[in-house]
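K.L.:
Next come the chains, spelled out residue by residue.
Protein chains: 2
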Amino acid sequence: MSDAPERNAALLAVDWGTTAFRAWLLDDSGAVTDRVTSADGSLRVSERADSPSERAEVFRDAFVGRCGPWLTANPGVPVLAAGMVGSDHGWAGAGYLDVPADLRELAGRLTVVPAGESVVHLVPGLRVTGPDPDVMRGEEVQLRGVLAATTDHSATVVLPGTHTKWVRLDGGCVTGFTTAMTGELYGLLLRDSTLSRLAARRAGPEITTAFTRGLEAAERQGDERGLGALLFTARTLALAGRLESGEVADYVSGLLVGDEVRHALQGASAGVVTVCGSPSTAPRYRHALERAGVSVRTVEEDVAALGLWRIAQDAGLVPAVSDPRTEDHPR
Amino acid sequence: MSDAPERNAALLAVDWGTTAFRAWLLDDSGAVTDRVTSADGSLRVSERADSPSERAEVFRDAFVGRCGPWLTANPGVPVLAAGMVGSDHGWAGAGYLDVPADLRELAGRLTVVPAGESVVHLVPGLRVTGPDPDVMRGEEVQLRGVLAATTDHSATVVLPGTHTKWVRLDGGCVTGFTTAMTGELYGLLLRDSTLSRLAARRAGPEITTAFTRGLEAAERQGDERGLGALLFTARTLALAGRLESGEVADYVSGLLVGDEVRHALQGASAGVVTVCGSPSTAPRYRHALERAGVSVRTVEEDVAALGLWRIAQDAGLVPAVSDPRTEDHPR
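Those protein sequence lines, which keep their order, are chains S and A. For the first sequence, the positions run 1 to 331 when our numbering is used. For the second sequence, the positions run 1 to 331 when our numbering is used.
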């Protein structure tokens with residue numbers, strides 16, 4: 001206990017995905033006061049367990065290893081964690097909410113696991129059942145944050161990444177979503193393929209002429225060429241001396257994003273699309289969507305911290321909002 | 001010289017691609033009397049050269065290593081070779097014919113390289129110029145063989161492989177073609193990806209229910225899902241317990257072939273499509289095309305030997321056809 005004017009930590013929020021660990025310490029106004037990131041993703045941590053029964057132990061050790069000082073300085077602080085840490089191969093299986101799902105109901109389905117003198121509350125994922133199933137785990141807290149950060153709760157939200165999610169929100173409910181493995185395809189193609197051998201470098205964060213050429217090719221030829229044929233144009237243009245080796249990666253990125261966006265817009269009502277991604281991917285999707293005549297609003301990837309804060313409020317783990325102006329879910 | 005009744009070898013024909021070497025010995029009727037295959041593709045051979053100037057030497061050594069006994073037994077036998085051996089990174093650059101190209105003109109553009117006491121004639125590739133360039137090298141001899149093996153010389157020909165070619169033939173001329181890197185994508189995805197970790201085995205040669213499910217998914221969802229989103233359905237179906245680990249590879253193959261065929265048919269006039277591929281790939285394309293209502297005729301991949309024989313005839317390296325019934329190019 002300190003009589004210093006600093007506000008006490010109210011929540012330890014964790015986004016623990018397959019390949020990355022990110023955690024934030026928030027005060028009782030929901031402001032981030034400290035943060036930590038690590039490459040100790042759930043996949044790497046789970047591989048330290050020799051048997052499934054050891055999994056809880058290795059996850060607890062990894063968590064305390066990253067956040068121990070915060071736990072010591074803030075005994076009893078509530079911990080809320082989302083992402084693949086809640087999969088059956090993570091710390092503990094946190095289950096799923098079936099779509100359509102009200103994002104405010106995530107708070108009612110938390111799974112509690114002990115972590116020394118603390119407990120960790122794991123957020124469930126979302127699941128589409130029926131003939132075309134799909135799953136997400138981690139993106140649901142970003143979506144909860146998008147709801148808190150924006151006023152229009154009926155929209156299409158794109159969460160670019162290794163596995164990009166296209167989500168339909170209707171009045172704060174997720175009514176459906178699909179996934180495209182665009183980021184993973186890009187990684188595979190640039191790591192070891194006919195195209196990687198032509199590419200002098202990876203795509204950078206800026207929107208280049210080569211990226212836009214890739215988008216244009218996907219728009220112009222996408223009816224007659226599937227993605228497998230579109231991608232080969234990177235090779236033929238390079239052989240013809242019309243694509244420099246330094247441009248190949250950006251062009252391939254443009255083909256992949258262009259093909260994804262073109263199809264996704266055919267399945268969705270246009271209007272405004274919210275893009276929630278990293279500084280390197282969000283501008284690419286914004287550019288592709290705006291070329292297709294869609295209005296784009298971007299929300300920072302760190303909206304996960306806000307989403308976890310709101311879920312903690314929904315669950316009563318931290319003080320609820322009293323000011324109606326900041327209520328994010330008018331019914 | 002022998003007075004035995006055996007016919008003399010008239011041609012040593014070689015299809016020397018990136019990853020495979022295939023050669024045939026043909027008698028003066030064009031019949032194959034012996035054959036040899038090896039994994040000593042042009043990529044592997046070229047890597048033995050420490051500098052570009054050594055390349056001719058390592059290719060000559062590799063060729064003599066495979067075909068030395070044939071050369072010794074048949075001194076002076078003409079040698080005709082096609083494939084990546086004729087690329088700038090092969091034995092010698094054999095150039096390209098620009099499309100539209102009459103396949104009978106391949107014979108007028110052979111490149112001669114010495115090989116000890118023999119000479120090897122390299123067949124040029126084909127090239128599409130203009131805004132959407134493309135190249136082939138090796139498939140042109142299969143096409144020459146398709147012309148010899150079939151009577152309809154105006155058709156769409158599919159040559160499935162690592163890089164599948166879709167070729168438009170009109171009166172024995174190649175008027176255009178495109179390439180889809182479907183086979184390479186399949187290899188990348190099944191080697192090390194989210195999907196490979198779900199797959200218990202590679203796709204086999206038979207047409208399975210899982211392959212057909214992949215085709216159906218591409219047909220049904222292809223408008224709203226690009227290939228990157230279609231592919232992710234393999235993961236979500238597996239997670240939902242609706243796709244067995246032993247079925248993942250066949251399902252992924254169905255998605256890839258289905259997406260490719262669906263787009264290719266939008267760019268081509270339907271009618272009859274000729275499929276010229278291996279016993280493991282040709283049935284997949286036949287099945288996908290027939291589901292789309294297209295009549296399919298299949299020609300064996302070994303038609304390359306026939307194609308090389310006809311090019312050798314066109315070039316005057318072997319006796320020309322005298323029987324008008326076997327003329328394959330009625331004008």
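Hints in this document: simulated from the structure, not taken from any laboratory. These figures come from a predicted structure and were not determined experimentally. Be careful, since some hints might not be right.
[Stated by the list, open to error] So, partial list: chain S residues that the calculated Cβ filter (under 10 Å) puts toward chain A:
id: 1; residue: Thr194
id: 2; residue: Leu198
id: 3; residue: Val261
id: 4; residue: Glu290
id: 5; residue: Gly293
[To be verified] What the simulated footprint calls covered on chain A by chain S, stretch by stretch (three residues with Cβ under 8 Å from a Cβ of chain S suffice, anywhere in the stretch; the number is not a length):
id: 6; stretch: 63-76
id: 7; stretch: 133-145
id: 8; stretch: 182-190
id: 9; stretch: 283-291
Cβ coordinates follow ideal geometry from the N, Cα and C atoms, glycine included.
K.L.:
Cut-off 8 Å, C-beta pairs, minimum 3 residues; does the coverage of the stretch 133-145 of chain A by chain S stand?
P.N.:
Since 3 is at least three, the answer is holds.
K.L.:
Per the CB criterion, is Val261 of chain S less than 10 Å away from chain A?
P.N.:
holds (8 Å)
K.L.:
Does the CB of Glu290 of chain S sit less than 10 Å away from some CB of chain A?
P.N.:
Hint violated; Glu290 of chain S Cβ to chain A Cβ min 19 Å, cut 10 Å.
K.L.:
Count residues of the stretch 63-76 of chain A with a Cβ under 8 Å from any Cβ of chain S, then say if the count reaches three.
P.N.:
The restraint on the stretch 63-76 of chain A is violated, since only 0 of its residues have a Cβ under 8 Å from chain S and three are required.
K.L.:
Mind taking a look at whether chain S covers the stretch 283-291 of chain A? Criterion is 3 or more residues with CB to CB distance under 8 Å.
P.N.:
violated (count 0)
K.L.:
Can Gly293 of chain S be said to touch chain A, with a Cβ gap under 10 Å?
P.N.:
Violated - the Cβ of Gly293 of chain S stays beyond 10 Å from chain A, reaching only about 18 Å at its closest.
K.L.:
For the restraint on Leu198 of chain S, tell me whether the closest CB of chain A is nearer than 10 Å.
P.N.:
violated (12 Å)
K.L.:
Are there three or more residues in the stretch 182-190 of chain A whose C-beta lies closer than 8 Å to some C-beta of chain S?
P.N.:
Holds: 5 residues of the stretch 182-190 of chain A have a Cβ under 8 Å from chain S.
K.L.:
Measuring from the C-beta of Thr194 of chain S to each C-beta in chain A, is the shortest one below 10 Å?
P.N.:
holds (6 Å)
Checked against the numbered hints given earlier, this structure breaks hints 2, 4, 5, 6, 9; the rest are met.
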